[in-house]
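Residues per chain are reported as follows:
4 protein chains.
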Amino acid sequence: MKKLKWGMIGGGEGSQIGPAHRLGSGLDSLFEFTAGALDHRSQEGIDYGKRLGLGDRAYGDWQDMLSAEKKRDDRVDLVTVATPNSTHFEITKAFLENGFHVLCEKPMTMTVEEGEEIVKIARTTGNICAVNYGYTGYSLVRHMKAMVARGDIGKVRLVNAEFAHGHHADAADANNPRVRWRYDPAQVGVSAQFADCGIHAMHMASFVTGQEVTKLAADTVSCIDVRTLEDDAMVNFRMDGGAVGRLWTSSIAIGRQHGLSIQVFGETGGLRWSQEHPNQLYYMPLGERLQIIERGEANLSPEADRTTRVTIGHAEGMPLAFANIYTDLAEAITARKEGRDMDPAANLYPRAEDGLRSMAAVYAVAESGKKDGIWLDARPPMFR
Amino acid sequence: MKKLKWGMIGGGEGSQIGPAHRLGSGLDSLFEFTAGALDHRSQEGIDYGKRLGLGDRAYGDWQDMLSAEKKRDDRVDLVTVATPNSTHFEITKAFLENGFHVLCEKPMTMTVEEGEEIVKIARTTGNICAVNYGYTGYSLVRHMKAMVARGDIGKVRLVNAEFAHGHHADAADANNPRVRWRYDPAQVGVSAQFADCGIHAMHMASFVTGQEVTKLAADTVSCIDVRTLEDDAMVNFRMDGGAVGRLWTSSIAIGRQHGLSIQVFGETGGLRWSQEHPNQLYYMPLGERLQIIERGEANLSPEADRTTRVTIGHAEGMPLAFANIYTDLAEAITARKEGRDMDPAANLYPRAEDGLRSMAAVYAVAESGKKDGIWLDARPPMFR
Amino acid sequence: MKKLKWGMIGGGEGSQIGPAHRLGSGLDSLFEFTAGALDHRSQEGIDYGKRLGLGDRAYGDWQDMLSAEKKRDDRVDLVTVATPNSTHFEITKAFLENGFHVLCEKPMTMTVEEGEEIVKIARTTGNICAVNYGYTGYSLVRHMKAMVARGDIGKVRLVNAEFAHGHHADAADANNPRVRWRYDPAQVGVSAQFADCGIHAMHMASFVTGQEVTKLAADTVSCIDVRTLEDDAMVNFRMDGGAVGRLWTSSIAIGRQHGLSIQVFGETGGLRWSQEHPNQLYYMPLGERLQIIERGEANLSPEADRTTRVTIGHAEGMPLAFANIYTDLAEAITARKEGRDMDPAANLYPRAEDGLRSMAAVYAVAESGKKDGIWLDARPPMFR
Amino acid sequence: MKKLKWGMIGGGEGSQIGPAHRLGSGLDSLFEFTAGALDHRSQEGIDYGKRLGLGDRAYGDWQDMLSAEKKRDDRVDLVTVATPNSTHFEITKAFLENGFHVLCEKPMTMTVEEGEEIVKIARTTGNICAVNYGYTGYSLVRHMKAMVARGDIGKVRLVNAEFAHGHHADAADANNPRVRWRYDPAQVGVSAQFADCGIHAMHMASFVTGQEVTKLAADTVSCIDVRTLEDDAMVNFRMDGGAVGRLWTSSIAIGRQHGLSIQVFGETGGLRWSQEHPNQLYYMPLGERLQIIERGEANLSPEADRTTRVTIGHAEGMPLAFANIYTDLAEAITARKEGRDMDPAANLYPRAEDGLRSMAAVYAVAESGKKDGIWLDARPPMFR
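Chains A, B, C and D are the protein sequences, given in the same order. All residue numbers for the first sequence refer to full-length UniProt numbering, where the first residue is 1 and numbers rise by one. All residue numbers for the second sequence refer to full-length UniProt numbering, where the first residue is 1 and numbers rise by one. All residue numbers for the third sequence refer to full-length UniProt numbering, where the first residue is 1 and numbers rise by one. All residue numbers for the fourth sequence refer to full-length UniProt numbering, where the first residue is 1 and numbers rise by one.
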């Protein structure tokens, strides 16, 4: 159970993506965060890396990291590229060519030509080049794929995928820099909403059906005038196994929060899954009733089994709720060490008093239950 | 950002609770797993601890751990007690008395008297004694508490809590050891389903309302004959702030998966939350419409903000899906290192080819969108 | 297909219950509204009855109606009693004793003694005395009953019924006469919320399980101070076939709209149904998956088949939506007859222009579909 | 309150559409079924009409009906045309030209040219020609229209409509006559699924937004080989008020039951409604939370208020459930008259015994509630 060594480029202090990758890579204790070039501002990146425990493997830029790591016997086993989109190609290419495995944030490149080059390098070198379409990691998405592959719904006729939200619907907010860059061709290329969100739905259509998209036709619109790129698109497509596809993506769909969902219809069954409620997969075998497959139920596929961490019925995020008790305690302990008051918003962990009250309630329930439901004091004696 | 040192007692190889605590404690990189007495079989515990990287702080039993750790300057900051229920009291007591902070699995003790003793020790020593009612860690549960505390629903009139599942409904399975022990007074004490599940719902009622239970009346039944303890209970209760409570818990409710939910009704509003869909909190202000509060939305309470890790609309378990890409990659890399084929069920991470295909699709969408929706080849040239 | 003759007592102009009974009795064209004593104000009742087409069988009070009808050869076949609660006993008794079949609004009587008298009279005379627990008329409720009766869930262990709403939660509104009378012992007797709503849930528990309640224990509370009768109750009960029951009813549950629901758990399966979404019945056979039974699906029970009027997937209220087109047309036609403008809120029926536009769209879809999805004018020529 | 006179052409014995129209027209007692030519088999139609009470206004064909009715002073006020599609044009035209108001089943005609002719006749004669897009009759659909019209969501940017079911997904069943005719150009014209179902969704898009479709582009496919017409279509469209439209319709979407739904997104809000749960309308004002509008709530639009018949929280189909009690009673009474056993599937109406048991339960609840929740016998004395 020796951990693999993991490095990251990008994901500097204050970024959202950095913690997400650290959490993801660390969750199962399979990787150890070992090296990084975390910020385009060299010194900030080094300082932050040191604070995260990287020591002298906190680098000022990715070139330094590459040249230093490739000389080491204990070089990192995997490099995650989480820099701005336009730099993905160059960095991914360089690390692959120097013998590293890479996990690149999406989009892998800005052009098709660059993409082909990366594929060729990955193939030539034999190094792993993964791309972070993380939604395919859900246990029941993997089970859908396994069900389709083993023929549970027969030949796939049609896929209908969606990724529709309303978070960029406010015209008054369209020139806010936080939103505007997403519709700026100089920064995101030829497509906005489809490239940002729709592509997740399209990848999932391929992932689940095991078929690749061969051709497509799109209706793209900008509902907010100042945008030159689309904020809503409908894409019809065809797949190499014969499936027909429909895909809707939108960022102006007020009332929709996330909206990544997929429906797959085959000759002998249909499946439906939505990211907002990822623990249920709706399945109807032809001629039977709609049934609900639960994440974690017995006898799912190996693909599902190895990607679930909590028992059936729990929200998949239960470990994160659980972790919050630990973050409360970390704050409580640290505050004591530092001689300060703790953050009141963290002062919520259950205490010995709660454990005691529970025990008193258990005894009262048991006794009342035996005595025809009489009312009993449920408090521990010391709190009466 | 120096990590705190964390130790665990119990949670040996093959247990479910051990990985859950390691995941929970490690999630935010606040704790480092430093010491442990993981198994009642001394050597197995030491071996397993060493494999988990504990070195010479892998102990053969909790007594050894206690005496060794208390002599160290760098002693563990927090000890989690995850041993069989009947040993919680003794271990928790010993560590508290020797100056350690403790997180004890539920139930904290087997009797009220023991519970009172723990409370007194915690108060006398000033050490933290937390109990693991982990469901209170959900971001929106904390927000419910904050809303009630700041008066959003006025004085609380009534709480209705449930924890009803159907996993012990099969009479033919009742003598299966995996199920039977849960209804054996020798092992679980005076109550089965209420002590195991119902108590979570009751604690949550207290947590959310900020009121303690003062008295109760219970109707307990054993729907399966061989059981001497209850598998279904209805508990009516009263709280010290005047709230009326109803609580239903069951393990024979076929069709229910988990069923922890809570409804709180006040003078000026009502709230409803369910663990199976933890990202939505239903709120109706008196005289207005039912509205849906989403985890991660803007302007929630500090209690909610500090306990959420992914943006609005994502399932709270999204980081775990994301982590599955990393576990795939760990398997892929390790298999290469070990010169073996990788687990096919892990061979599902998105590849450079997927990144390339996505880019080709993006360009096709953009072009089709500009050209009145004509059909275009969506494949990268190298795959045509 | 000669219609039966139907009479009503009560349900005068402006009442809610009158139109409901007229609609219900007339829906399948099985009854003809023939006679009535609709109002305690004699002349108003006669006038209103005449306007409803009753002619000289519009009576001034129920005594007149009884004495006149019993002399006729073509007397009414069924009398509905929809008067204030306290008069149900007297009227029902009189009609039964004179040879009429009766459908009495709930509650049938104000006391148990009166109830026993009615039962005895019904048995002695052999006349039908029905009570209007109308929720048992839902197709899938009847199917639940049939499933339980034929053993689909085995011996019933537990029933959990609810009828919880929040429409009387406003303390400021508690003395509003529209609400207050419901909690006034002088008008409603010994119980408010349980007698008004909870009793529907309890009747449904009996209806579905085929078991009668033998004993019960209740926790009743008045959450609003001015009330002497309960606005929230939890009732535990036992049934003569061995089932355990739980029943929660509330009128202060802010955020709940109607909340009549029932869960039945047996030895080999569980069922769940809710009045707010009456077209789906959730069913889990022990050890299998939760499945969704749809109203109108093939091969349901005869009890379900004869009580459904629209095909699967339609809301059960579809005929009422459909009827609204007719009410629009009635208003349009009547306005023309009366030489006035029609109600603009009714001026919404689809017109020839809509039929024409639809046809143009159909042709455009067919042609575009054949021509690789080109854009086509979808308007009829005359509207271009 | 004199009823209008209503006539029907088509809808003969055993048809589904006939009873639906009789129910719809009769529901509010605004129309009286007065005349009809119900069957293309002359004598069968006359016999059936007589059994339905039409007397000598039961005609053998529509020509007879037309010539007889137009001579009467008390001619029918409205004629419903519910014959096979290909005859709609001819009949509708004839009645309109002779001074009758007409409600024509959908599709109004088989060609655009015929459609234009009908529109012209309707305009010239001034007679009402309505088309039965009945789904627009739902109360909350009308409220959506009112909300959009009064500006609640600002200028409409996008409409997304669906009508997707899976009832024609079985390839083995495709040649079954019950299904096959729906895909036969000789019988249905140029389009199958779009013309049958999709058109409802498109009409609803126009109805709700108040905008007409100007152009469209379609992707139509036949997922089952033997079909020459489409069983799945995606239609993009534009509307005359600037709205963009997307519409998906399918008959091979296994797992979907009915699937008529509509989402409307404007500059300042979004709306979502689904026919399968027609009592809830989801509304998000820009920058606020998703809220749930309930059919029947206070202060809705006049358009909504006049089209709802039951109070908030009830399923819209509640009156139909209620009516089932009456159909039970009709069967019970008729069976007695005819001296036969009643249909056991109808023998389910609540009886005096149920009314009595309810009263006993009410008293027991009230007493137990007063006496600290003691258990009491809940049975009426006569049943103990």
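Note that these hints are calculated values from the structure, not bench results. Given the structure is predicted, the values throughout are model-derived calculations rather than measurements. It is possible that part of the hints are untrue.
Calculated pairs, BS3-like style, for lysine-lysine (alpha carbon to alpha carbon, straight line, at most 25 angstroms) [unchecked claim]:
1. D/Lys70 with C/Lys337
2. A/Lys337 with B/Lys120
3. B/Lys71 with A/Lys337
4. C/Lys3 with D/Lys337
5. B/Lys71 with A/Lys3
6. B/Lys50 with A/Lys337
7. D/Lys337 with C/Lys70
8. B/Lys370 with A/Lys50
9. B/Lys337 with A/Lys70
10. B/Lys50 with A/Lys3
11. A/Lys3 with B/Lys370
12. A/Lys93 with A/Lys70
13. D/Lys71 with C/Lys337
14. C/Lys337 with D/Lys93
15. D/Lys93 with D/Lys155
16. B/Lys2 with A/Lys2
17. D/Lys2 with C/Lys5
18. B/Lys370 with C/Lys120
19. A/Lys50 with A/Lys70
20. C/Lys50 with C/Lys2
21. D/Lys155 with C/Lys5
22. A/Lys371 with C/Lys70
23. D/Lys371 with A/Lys371
24. C/Lys50 with C/Lys70
25. A/Lys370 with C/Lys215
26. A/Lys3 with B/Lys2
27. D/Lys337 with C/Lys5
28. C/Lys215 with D/Lys370
A few chain B residues that don't get close to chain D, going by computed Cβ distances all over 12 angstroms [as the list claims (entries may be wrong)]:
29. Lys50
30. Gln291
31. Met382
Yeah, the Cβ is synthetic: ideal placement off N, Cα and C, and Gly gets one too.
We went through each hint and held it up to the structure:
no.	hint	in the structure
1	D/Lys70 with C/Lys337	holds, 17 angstroms
2	A/Lys337 with B/Lys120	holds, 23 angstroms
3	B/Lys71 with A/Lys337	holds, 18 angstroms
4	C/Lys3 with D/Lys337	holds, 13 angstroms
5	B/Lys71 with A/Lys3	violated, 30 angstroms
6	B/Lys50 with A/Lys337	violated, 29 angstroms
7	D/Lys337 with C/Lys70	holds, 17 angstroms
8	B/Lys370 with A/Lys50	violated, 48 angstroms
9	B/Lys337 with A/Lys70	holds, 17 angstroms
10	B/Lys50 with A/Lys3	holds, 13 angstroms
11	A/Lys3 with B/Lys370	violated, 49 angstroms
12	A/Lys93 with A/Lys70	holds, 14 angstroms
13	D/Lys71 with C/Lys337	holds, 18 angstroms
14	C/Lys337 with D/Lys93	holds, 22 angstroms
15	D/Lys93 with D/Lys155	violated, 38 angstroms
16	B/Lys2 with A/Lys2	holds, 22 angstroms
17	D/Lys2 with C/Lys5	holds, 20 angstroms
18	B/Lys370 with C/Lys120	violated, 81 angstroms
19	A/Lys50 with A/Lys70	holds, 20 angstroms
20	C/Lys50 with C/Lys2	holds, 23 angstroms
21	D/Lys155 with C/Lys5	violated, 54 angstroms
22	A/Lys371 with C/Lys70	violated, 57 angstroms
23	D/Lys371 with A/Lys371	holds, 15 angstroms
24	C/Lys50 with C/Lys70	holds, 20 angstroms
25	A/Lys370 with C/Lys215	holds, 17 angstroms
26	A/Lys3 with B/Lys2	holds, 20 angstroms
27	D/Lys337 with C/Lys5	holds, 13 angstroms
28	C/Lys215 with D/Lys370	holds, 16 angstroms
29	Lys50	holds, 51 angstroms
30	Gln291	violated, 4 angstroms
31	Met382	holds, 27 angstroms
Of the numbered hints listed earlier, those contradicted by the structure are 5, 6, 8, 11, 15, 18, 21, 22, 30.
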